[in-house]
Each structure stands twice: as C-alpha cells, then as structure tokens.
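K.L.:
One-letter residues, chain by chain:
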Amino acid sequence: MFKDPEARIVGKESWGDYFLLTFDSPAVSALARPGQFLMIKVSDEPYPLLRRPLGIHSRKDKTLGVFFKVAGIGTALLARKTPGETLDLLGPLGKGFNIDPCLAGKPVLAVGGGRGIAPLYFLAWELRALGASIKILYGGRTQADLPLADKLRAEGFDFACSTDDGTVGRRGLVTELMEDEIKAGGGSPPALVCACGPDPMLQAVALIARDKRLPAELSLESRMGCGFGACWGCVQRIRRDGKAEWIKICEDGPVFPAESVVWEKESP
Amino acid sequence: MSDLSVDLGFLKLKNPILAASGTFGYGLEFEPFLDLNRLGGFVVKGLYYGPREGNPPPRLVETPSGLINAIGLQGIGVEAFIAKVLPKLQALDTAVIVNVCGASEEEYVRVVEALDAEEGIAACEINISCPNVNKDGACPAFSPESTRAVVREVKRASRRPVIVKLSPNVTNIVEIALAAQEAGADAIALVNTFLAMAIDVETRRPKLGNVLGGLSGPAIKPIALRMVYQVASRVKVPVIGMGGIWSGADVLEFMIAGARAVQVGTANLVDPDACLRILGEVEDFCRRKGIERLEDIIATVKT
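These protein sequences, in sequence, are chains A and B.
Counting from 1, position 57 in the first sequence corresponds to residue 57 in the working numbering; the numbering is continuous, with no gaps.
Counting from 1, position 127 in the second sequence corresponds to residue 1127 in the working numbering; the numbering is continuous, with no gaps.
Same shape as in the complex, but just chain B (with noise of 0.2 Å):
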C-alpha cells in the first residue's frame, strides 16, 4: 500500500485531493454519494460576510469538455455558515478548507475574523481571482499590487494558514504567484477559471445572464497545467494545482508538474463521487509503478 499523503507544510493531507471550491457547496451536499472522511479534503463555496444573492440566470453554459459558469457567488455568508453548517463540519475527519471572499480588503478581513473564532477549519483559501463578481471579470488577483495588498491585510488578520487562489486571466502569472508569496502566503492555489463567452447565433445574445463567466473543466487543463508548471518551479510556498482534472493521470500530472496537492472541481458535478474514483485511479498508479511515497513523485518533471 503507497503512501498517499502529502505535507504543506502547515497541513499533512491524508491524500492531495481536494474538492475545489463552488463545485462541492458546502460539502454535505455530497454525503448521499461519497465518505467525505475520505478525501484529502475540501474547499466549502465561497462566503462573503452576508449573504449573497448571485447573478440571474442562464448561469451555465456547456461547451465542448468545458463548462462556463456566472454563478456570481451566490451563497449564504460566513454568519449563516457558522451557525448551520460548521458544526456539521467539525464531525468529519478530513481538512476543511473555507474560501474567503471579500468586496473590500476589510471584508476578506471581516470574514476571516469571524471564522477564527471557530475550530474545524485547516486553512482560509482567499478568492482574489473569482471573475464574475465584477465588470469584465476584474479581481485583485489580476494585478502583484491588489494582490499584496488582500494577502497582507488577510495574513495580518489570521490566525490560520492562508491559501491564496490565482486566476489565471493574467499576463505574468508567475509575477502574481510571487506577489502573494512575499505578501505571506502559505500556500498558492491555481488556476480558477478562464475568463469566457458564448453567443447563441439565432438571437446573436450571451448565453449567459453575465454576459461573462469563467471557463472549467477538461478544455483548460493543458493551460492550467502550463501555469501550475511555471508558478510551482519559482515559488518556494506549496502549490495547489487545479484545472480540469477529470482523471487519476491528470492528478499525477499537476503532482510530476510540482503540485503538493490538486483541486478536483468541475468533475465533482457530474459525478458527485468522483474524488474517489480519481483517487483509487492514483493509487493504482502508484502500485504498478511500485511508487511507496506518492510526494516523491512531485516536481520531478524530466526537461
């Protein structure tokens, strides 16, 4: 039996999947299909301070190997979380990571505050990169500054360990992944979605409520993992990678490429419980390679 586990330094995970943030709810939506206790953890959808209302509809849009989404974090803030999930949260054994949101610096703050105050949670992965909250999918994450300036005052606030979620719509990448490293960050995840579009041609109008939505799934992923390749071989902090993973291969590809650990995302809609299966997809991997520690195989890329 391979050791699957793997070590951020502030987090030992018992495996490095994780269920990426607004593809997994809050978690308990899942238990019907999957042990939550059996994932290297998850990513609860992202919370504001308040509640949030979202944008209208269509939200969704399915494209081939890919599916663009302008749900607009639609969700039920951190208060409402606190109060009606967490406790059902703090029963698991598995890491449960909280993405935080913010309109402001002070509101990144004001949640991360609020969720010191409980236990049960590993980590905060910060959401400087969603982009359909804002005009033409703007977010802190597009630039070193804006992002200093979020993971300074987050860090500053917390007591706990800060992931920080890139987006991927960026000219430098590796100039951002930098920017939150110096800011502090312990950990950088990547890539959230690539900012997209569909036009339905009989009405020539956007197929989606937003006009704009991000880009996930399968279709990404080789750009996905191009980012993940030269953000983890110039930072020192762990890096998480995500982006279309549909399959244990994919998994051993961000990890050869030098993730410490991956996001499964858009895969969790379609088949609630496909964390395991793209889980025991690297456990078979690693006994026909006669892998004993799965983190050997990490950043061992051949160029």
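The following block holds chain A by itself, in its conformation from the complex (with noise of 0.2 Å):
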C-alpha cells in the first residue's frame, strides 16, 4: 500500500446522485485486486475530517476508477472534483475477492444493491480475463439507481437487473433475481457468489448461499477511520474457529466469507 497524494483525475462522468472518477495512479494500480479500497481524501482542512472509503472499482493501464454516490458532505466535495485536480489516496488496501485460477470456465455470480456494484465492476472484469461465465445481478430502489446498467449491457456482460418499483427490470429485491437465477441455472450451480451492498441485502444474499450450499463472500461497507488497521474503529463480528470477536472491517476485510459474518440479528 501507498500514499500517493497526487492522482490526477483523467475523467468524471455522473448520472443524477452518482458519480464516477478515474485517475492516474500508475504504483496503486499496479498492486490493487478487485475489492481492495482506497481511502480519499475529500477536503484539505479537517473539516471533514476524515477520508472516505471507496472501494476500486476499475483499472485500465495505469488508472483507477470510483464509483459513488453522493451520501453526504465528504461524498459531495468529492463529487465536485474535476479532470486536472487530483486526489490525495491511500491505497489499494484491505484484502479482495477471493479469485481463485481454477474459477475459469466456471459460473460465479455478481450480486451488487445499488452503490455496491462499484467493486464488482472491477472483479467482472477480472473474472472475464481469467475465463470465469460471470453473471451481473444489479438491484436498487429505481431505474435511477442503476445508472451502470446501460454500460454493463454494452460491454456484452450477462447482466440482470431489479427495482423495487419495477421501472426497470425485475420488481423486487435483487435477492429475489438471485434465488430466480439459481433456480434457472439448476444443474449448473455457480461456483462462486460475490455481494457488495447494504447490511440487509448482504445478510440475505448469506441466507440464500447457506440454503443453497453454495460458496459466498461478501464485501462489507462501513464508515472508517484510517482504512489500515490502526485505530480498530471499524469492526465487523466475525466467527473463525468457532469463535466471533470483532474483526478489522480494514484490514482482515472488507471482503469476508459470507458464513463467517454474525448479523446483529441472526438468520432463521
């Protein structure tokens, strides 16, 4: 990991409340793995203090991309940086997606609910280079929730999406288009789910995989303090070994096997 507090923005394109930014970090670049973060720093007084988290959501030679949604003071200075400005980050740090080599030729399943698409981006990606069969499933609220939909299908991703109004795609829960897809594909479980969204959407995406047997992991969002393991400020409770302790959201994650999350309320 490093700090490199001069990434220079190459490109920002938004759609409504959502944003995406790309930048030249040639050193970050060249180490990060899909579902590793960066910590951004949003404004050069301590007010905010605090950077923000995103997780890496592209790489194209030697840049990096992040995809977020305005959420509040620190996303919305972040929003208004242009092309020419550069960035001050941290990074890639925590620990990815699980890509194993032997995924090729396998099916393996991306479930992103809304701003939680912006790590899958990357790892499909990944998944398409190594020769894995990956399949997008993209849920939000509405149609404008889903603004990466249109570049998913132009990109010749087998893609699905949901709203919970229905103005596009399936009407329901993005959970629901994964039990349909696993239903659908019967003989042919997926050898891999991979999740990135909200507590709830994660916690039942778990539910299903333990259902069904298949193998999950999930990547967890939380506020952070310093992104690399000092301050123990974002903890998750985590089970190994039988035993659950409150674990480094930072550093041990944010990515974690999905059985080994223990939800503040516990599935049936």
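Any given hint could be a false lead.
As the list claims (entries may be wrong) - Which chain A residues face chain B? A few, computed with CB under 8 Å, are given here: (1) M1; (2) K3; (3) P46; (4) P48; (5) L50; (6) R51; (7) G105; (8) R223; (9) G225; (10) C226; (11) F228; (12) G229; (13) C231; (14) W232; (15) V235.
No lab work stands behind these hints, which were simulated from the structure alone.
We put the beta carbon where it would ideally sit given N, CA and C, even for glycine.
Both chains are given apart, each in its own frame, so use the hints to dock them into the complex.
P.N.:
Dropping the structure here:
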C-alpha cells in the first residue's frame, strides 16, 4: 500500500447523484485487486476530518476509477472534483475477493445493490480475463439507482437487474433475482457468489448461499477511521474457529466469507 | 540546522514529536507510509494484561473538525504484544513507549511487571484516563486520590520511567496533575479525549454503540492547550502536550505554553505520515526564526 498524494483526475462521468472519477495512479493501480479499496481525502482542511473509503471500481492501464453516490458532505466534495485536479489517496487497502484460477470456465454470480455495484465491476473484468463465466445481478430502488446498467449491457456482460418499484428489470429485491437465477441455473450452480451492498441485502445473500450450499464472499461497507488497521474503528462480528470476535473490516476485510459474518439480528 | 532534540530528564528524544496511543496502532501499521526512526517516538495502543474485546460498533463519529471514538481499548494484551510485536519494535532507533491499562491497580502492576522483563521500551505511559471503558466515562484520573493510588503502585512496580496520561474531563486539572507528580510520576501527558456524544435525529439513537465516546481532533485544541498551560505552569516534571495537533504551528503553541514534547493523535489516522509533515513544519519555523535549539522556546509564552 502507498500514499499517492497527487493522483491526477483524467475522467469524470455522472448520473444524478452517482459519480465516476478516473485518475492516474500507476503504483496503486499495479497492485490493486478487486474488492480492495482506497481512502480518499475529500478536504485539505480538517473538515470533514476523515478520508472516505471507496472500493476500487475499475482499472485500465495505469488508471483507477471510483464509483460513488453522494451521501453526505464528504462525497459531495469529492463529486465537485474535475479532471486536471488531483486526489490524495491511500491504497490499495484491505483484502479483496478470492479469485481462484480454478474459477476459469465456471459460472460466478456477482450481486450488487445500488452503489455496491462499484467493486463488482472491477471483479467482473478480472473474472472475464480469467475465463470465468460471470453473471451480474444489479438491484436498486428505482431506475435512477442503476446508472451502470447500459454500460454493463454494452460491454457484453451477462446481466439482469431489479428495482423495488419495477421501473426497470424485475420488480423486487436483487436477492429475489438471485433466487430466480439459481433456480433457472438448475444443474450448474454458481461456483462462487460475490456480493456488495447494504447489510440487509448481504445478510439475505448469505442466507440464500447457506441454504443452497454455495460459497459466497461479501464485501462489507463501513465508515472507517484510518483504513489501514491502526484505529480499530471499523469492526464486524466475524466467526473464526468457532469463536466470534470484532474484526477490523479495513484490514481483514472488507471481503469476508459469507458464513463467517455474524449479523446483529441472526438469520433464522 | 536547528537542534530539535528535547530532554525529558529520563529520556532524550531526537525531536519533540511522539505519535499518540490509540491512533498509531502498534507502530508497525505505519511502516508502509513513513520511516518510524524519524519520529521522536511513538506510544503504542493501550495494553491490558489479556486481550480485550472493545465496544460494539459504531465506534466512530465524525464531527466538525473532530472525531468521537468509542473503541473501548480493543487489543491483543501484553503477552501477545511481547511475543509478536515487541521483537519488531526493538530493531527501531526511536523511543517506543508502551501505554499501560488496567481494570484495577493490580492489573496495571501486572502489565508493568510483564514489560519490565523486556528490553527496547523507553517508558511506560499509564492510561488512567480512557473515557470508553466505564459507565459515564469514569476513570482513575477523575480524582486526585485514585490517580495517586494507581501511580504509586505502578511506580513501586516499574523499573522504567512512568508517564501519567490525564483526562480533561475534570474540574481542576492542576489538582490531578499535582497528585500524579506527588505519587512519583516522571512526566505528565495531557489531554486524553473529551467525553462527548452525538445523536442521529432521524432515529433519536446515539451515533455510537457505546452511547458516549471521546472527542479528539482540531476541535479540542484550544481547550487542551489551556490545560497544558495551566499544568505546565504548576508542576516540576516535564509535560507532554496533546490534543488536536494538526500542524507545526500547533506543536509550537503547545511548547511555548510549557510542553517539553507533544503527541500527535487523530492526524495520524487521516495522514499516516502526518508526524513527519508536522516535524518538517517545525523545522521550517526554526529556520525562519533563527532558533538554534528548539528547547529554548519551551514555556516562553509572554503573558
């Protein structure tokens, strides 16, 4: 991991509250793995104080991209940045998805809720390069929450979406779409399920994976202090060797095996 | 080139900048980002005797120019520290200070005794001021009597210099500092975090799992500086100042107020190389002002 104090922004796209910034950061880019994240400074002054953790969304040559939704003052400041300006970032941080070469030729399901699509896009490209057969399920409240849908389709990814209000795709939750997909897959269940999104969605994914006996990895979202294991501010209850402990999301995660995550309200 | 070294009497530091406990992990976490040997030193995360669970999340809330934390001193405990971390720290050429915690006077003594058998530790910092482990933020540093009791026991047990870290959540900080000095403290460090709270107005729930937490960051600096000034004016032992230091100018303010050294805390979380940036700013100041020995500015506030 490095500090890159001057990653020059080379591209910006936006869709309502959603933004995609791409920037040159050769050293960080060279090490980045899907599921890892960056800590990006949003202000030169101590307000807002903390960097913002954002999953790595894309890598192309020496550039990286972050895709985010404006959710507060930090992301609002980040959304004002324009090409030519620079970002001060730490990365790549954390442990990403476990991309095993033996996934080549096998079906993998990526399940993203809202801005949770961010790291799955990078994952999908890497899995495609590996020769895995990736299918992306993308859910949100309404069509405006699925800004990357057209791009995924145009880039030829096997893709389906859902919205709570039915404005596009299946009406309902992305986890219902996931159940449909597994049912339709019949004899060839996914060799791996990778998911990112809000906690209730991830908990539902974990439950389905458990019932269907599918290996699943979840990328957890969390507010963070430092992002590199020093403050112990971002923790999740994780079960290891039969013992549940508060484990640092930034250092040991943000990706965890679904069965290891202990939820606040346990599944039935 | 100015002489930036400072002498605490029991310990000479190559420069006055220490990284503060709780914001610097066990030190090693920062190796990818800076050369630890360039620091005056660092204080490792608080250690109880055994491993400690910490508080339920959320553990952090950002506030204007501040951060409220309620980590609850989650950590590996002194035995694992000695076995796994200390050997790596012993190779460093900087002052390694260990922050010592205890649920009782006996536990403080046990931790100090375990550390006494080891080399490579410059001093112990006795944490009698964490606001996140007892109801209503209670801690030994709340009263002169309990401060005196812990410090006396630890001093009796330890072969090392003892720095006592005080809480700002008291009516009369000078009274507590004098009690620590009287009980044998070799130095006084202040301040720990300010007991604080934040509420989500939508849900009316506290924003921290522990309900209360400790506020740090630039928001607290003027109050911390006032307390350092008050204490440094009254005690004979060296004072280590901290609270919201973000720049070289902040370091100088604390030193002019009477601190012989400082600790940088929350800034480390935002910029893992913050201590070195701040050190550079102190150097620039000395050069600009023609200050040959940084120690000459200690306690020079013109009132």
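K.L.:
None of the hints should be skipped; say for each whether it holds.
P.N.:
Going through the hints against the structure:
1. Below 8 Å, beta-carbon pairs count as interface contacts, and M1/A has one with chain B at about 5 Å; its hint therefore holds.
2. Contact between K3/A and chain B, as hinted, is supported at the beta carbon level, the nearest pair being about 6 Å apart and thus within 8 Å.
3. With 8 Å as the threshold, the beta carbon of P46/A comes within range of chain B, its nearest partner Cβ sitting at about 5 Å, so the hint holds.
4. Satisfaction of the interface hint for P48/A is found here, the shortest Cβ-Cβ separation to chain B being roughly 6 Å, below the 8 Å cut-off.
5. Because the closest C-beta pair between L50/A and chain B is about 5 Å apart, less than 8 Å, the hint holds.
6. At about 6 Å, the closest approach between the beta carbon of R51/A and any beta carbon in chain B falls short of 8 Å, and the interface hint on this residue holds.
7. Against a cut-off of 8 Å between C-beta atoms, the interface hint on G105/A is violated, since the closest Cβ of chain B lies about 37 Å away.
8. Proximity of R223/A to chain B holds as hinted, the smallest CB-CB distance being about 6 Å (cut-off 8 Å).
9. Interface restraint check for G225/A: the shortest CB-CB distance to chain B comes to about 5 Å, inside 8 Å, so the restraint holds.
10. Contact between C226/A and chain B, as hinted, is supported at the beta carbon level, the nearest pair being about 4 Å apart and thus within 8 Å.
11. A least Cβ separation of about 6 Å between F228/A and chain B falls short of the 8 Å threshold, and the interface hint therefore holds.
12. Checking G229/A against chain B: minimum C-beta separation of about 5 Å stays under 8 Å; hint holds.
13. Here the hint on C231/A is kept, as its CB sits about 5 Å from the closest CB of chain B, short of 8 Å.
14. With its C-beta approaching chain B no nearer than about 5 Å, W232/A sits inside the 8 Å limit, and its interface hint holds.
15. Below 8 Å, beta-carbon pairs count as interface contacts, and V235/A has one with chain B at about 5 Å; its hint therefore holds.
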